[in-house]
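Just need the whole structure built from these sequences, with the hints factored in.
The opening position of the sequence shown corresponds to residue 102 in our numbering, with each subsequent residue numbered one higher.
Calculated directly from the structure, the hints in this document are not laboratory data.
Any given hint might turn out to be false.
[Unchecked claim] In silico BS3-like pairs for lysine-lysine, Cα to Cα no more than 27 Å straight-line: (1) Lys393 <-> Lys379; (2) Lys430 <-> Lys420; (3) Lys348 <-> Lys363; (4) Lys610 <-> Lys923.
[To be verified] Okay, the calculated beta carbon distance ranges per label pair: (5) Thr371 <-> Pro306: 13 to 21 Å; (6) Met507 <-> Glu651: 55 to 63 Å; (7) Gln140 <-> Ala287: 53 to 61 Å; (8) Arg333 <-> Arg254: 33 to 41 Å; (9) Lys658 <-> Asn602: 43 to 51 Å.
C-beta atoms are modelled at their ideal positions from N, C-alpha and C, and glycine is treated no differently.
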Amino acid sequence: MKKPSDEVEDWESRRELIIGLGEHSARKSYYPELQHRIQELEATRATLASANLQLQAVLDAASEFSIIATDRDGLITIFNRGAEKMLGYSAHEMVGKQTPMAMHLASEIDERGKELSKELGRPVTGFRVLVEQARVVGTEQHEWTYLRKDGGRLLVSLTVTIILDEQGHTTGYLGIAEDITQRKAAERQLLESEELLSSIINTIPNPIFYKDCNGIYTGCNDAFCRYLGFPREKIINSTVYNLAPKKLAESYHQADIDLMQKKGIQVYETPVRYADNKLHDVLFYKSTMLRKDGSLRGLVGVMLDISELKQAEYELRQKEELFHLLFEKSGDANLLIDGTAYIDCNEATLRMLGCTDKQQVLDSHPGDLSPEYQPDGARSASKANEMLLYAYEHGSHRFEWLHRRMDGTPLPVEVMLTAIPMRDRWLLHTAWRDLTDRKRAEAEQERLAQNLLHAQKIESIGRLAGGVAHDFNNLLTPIMVYAEMLRTSCASDEKTMKKLNGIISASCKARDLTSQLLAFGRKQILEMKIVNLNEILEAFSPILERTIREDIHITMKLAPNLGSIMADRPQIEQIIMNLAINAQDAMPGGGDLLIETSTIILHESEKIHSQLPPGEYVKLCVSDTGCGMDSATQERIFEPFFTTKESGKGTGLGLATVFGIAKQHSGHVDVYSEPDHGSTFTVYFPRLDGQSATADNVEEVNCPRLHRDICILLVEDNAMVRELTNELLTDQGYSVLVAEDPQQALSLMDTNLDAVDLLLSDVIMPHMSGPALFEKLKQLKPGLQVIFMSGYNEDLVANRHVLADSTCYIQKPFLSHDLLQKIDEVLSKKQSPPGTAGKGAL
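Below, the structure is given as structure tokens:
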């Protein structure tokens, strides 16, 4: 676009031309008209110059905007100061020049050209990209990137308007550009801030919402949508009546009105229906939003779901009530400690300590309720502090403690300390469990354990004694038999006979001693019968009277209707004699000996010994008024060879024998004694129900010995016993087959099956026992008779059916006539009707 000064110069040129033409044609008739036309042009020139000056002033005043005008082909006709300032080019450089595309980013021109080409359906390129939309619709606004002369860039909002003449023809284009670089940066920052704020708000797990002054939602976070179960588009521009039940919506709306009237902050609790269609307890925090001028803009609200909190509070109250209930009603002592002093206790504590008032306990230190020293020797006060400190540091502590009741008696307790966090400090919950009964039970258990250990020791010693007796019997057997055989052959030699009789007498005493060992070890064969203890005592009384010293007074108190027991009568007599002699030894200066019988029923809770089951028992008590015993002596009283007598005055087997016989009879022996107050020995025998004592129904038949046509199979693993027995039987005219073990016996039986009439066998042998051998031989010869011989016979416990006939066993050591008589009995004795003979037992 031309400047106004340029227009004036053009006008001067045209004026001179017109004047020249006027002078040339002055003489013509149309001169006055021409003169008038010139005057009009002069006036137009003046008006145009004024308008141009005004336009230039306007363009220069709009320095914040780039104003560029072009003709319809893109030649620049106007380039104002704003354009110079914005682009760095001068008007002199740009006016009359083609619009330089270098002012625009090529990529933007290409992209916009493609859009217009696609929209208009024809190619649009170059300058047309900038003005084509304006050419079509009259005006266009678009954002572009301008490139400055110095290479800088700026964002502009360019408005292009088409310029038309009076006939509507396009004469050019006017482009007004506004620098929006800073505004775009501000918008970008605002957008980033809004995105950050939105991200922060949406990250907050609590529902947040905004409302305008009319209660219409203008915004919310994701949590609000999620909790209520509505999409954001349904929430925005809606009211609470669209989201909540009517009754709740009315209360929410009224709360909003109250807040907006008062302006400020509002906090209240109310139920809210969530997406799960359940009512939740919610705490609302709401605040009004104000503009800069103080006018009300709306409100913002934050929701806090306190359903779980209220449930937790409810559970906490329940726990507190439960704790209080357990604390107060517990049978154990419960106390609270603050620091090192008791601040509360329950009724059980008062009962346990023997207090009448809590004030006797409160504010006291644990050491104040304890003896000065604990059982380990530590001072109660200092040790209590250590226990408390440990509980505070580790959270809990369990230990045993000795308190003291108000009456001074000891109170053993188990203490459990538990640290409890409070708002501003820690407390210790203390529970005491009274250990008095447990300590008593532990002491009783220890006593029973000692008794069991003692019984096991007695059992072990008994096994040892039985084994020794068994081996000793095997040694005694040949001594006694050979001595007897020599005595028979030396009947005329009185001096030799006396020596042999001494050997036999000493051997018999040794046999009796081993018999006592076997009784203690329960290895002796017993002939069990139904007997009455009162009858045995009455019959045995004369023997006692002759045996016990005259300075001892014997009294018997026999209970009527005593009932029967299953026992070996000689063994019961042995018990009575041994206990009586023991009492006599305890009363060297004389005294009283009391023998009593009675019936007792032992219940589960009244067991005398852990190995004595509940049931009905016959009790034999032997009491004396002697010197008594201390507890250490009582613990060993039943041990074999233990004696309190001087060396050489006692074997130490008397009470051990009593113990062994009692155990063989499924009974038990108990002792009670105090030094200088005598002793009482009590023997328990299982009582039989409704059975009376019976006599031996075996009828003895004196038959002559059978010396011919009798074959005996002798099985004995001890060579010495085997040889003398073979010699003895052979001398008596018996035919003898000798085997040193069961395997050899089976071989001999195979070849002499019809000849063998009697099996004479040891009980315990390698690889196979005597009873097992007999079972095999009976299968070969059912009518075979048997006699077992043994020093002790532990295996017969498991094979008691072998001893159904008590005559089929002979105890080692034996004399020759004992063995021969036993053979005669087995081969010749007539048996009583089945079921009347007593069974042998161990």
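Hints and how they fare:
no.: 1; hint: Lys393 <-> Lys379; in the structure: violated, 41 Å
no.: 2; hint: Lys430 <-> Lys420; in the structure: holds, 15 Å
no.: 3; hint: Lys348 <-> Lys363; in the structure: holds, 23 Å
no.: 4; hint: Lys610 <-> Lys923; in the structure: holds, 21 Å
no.: 5; hint: Thr371 <-> Pro306: 13 to 21 Å; in the structure: holds, 19 Å
no.: 6; hint: Met507 <-> Glu651: 55 to 63 Å; in the structure: holds, 60 Å
no.: 7; hint: Gln140 <-> Ala287: 53 to 61 Å; in the structure: holds, 58 Å
no.: 8; hint: Arg333 <-> Arg254: 33 to 41 Å; in the structure: holds, 38 Å
no.: 9; hint: Lys658 <-> Asn602: 43 to 51 Å; in the structure: holds, 44 Å
Hint 1 from the list above is the single one not met by this structure.
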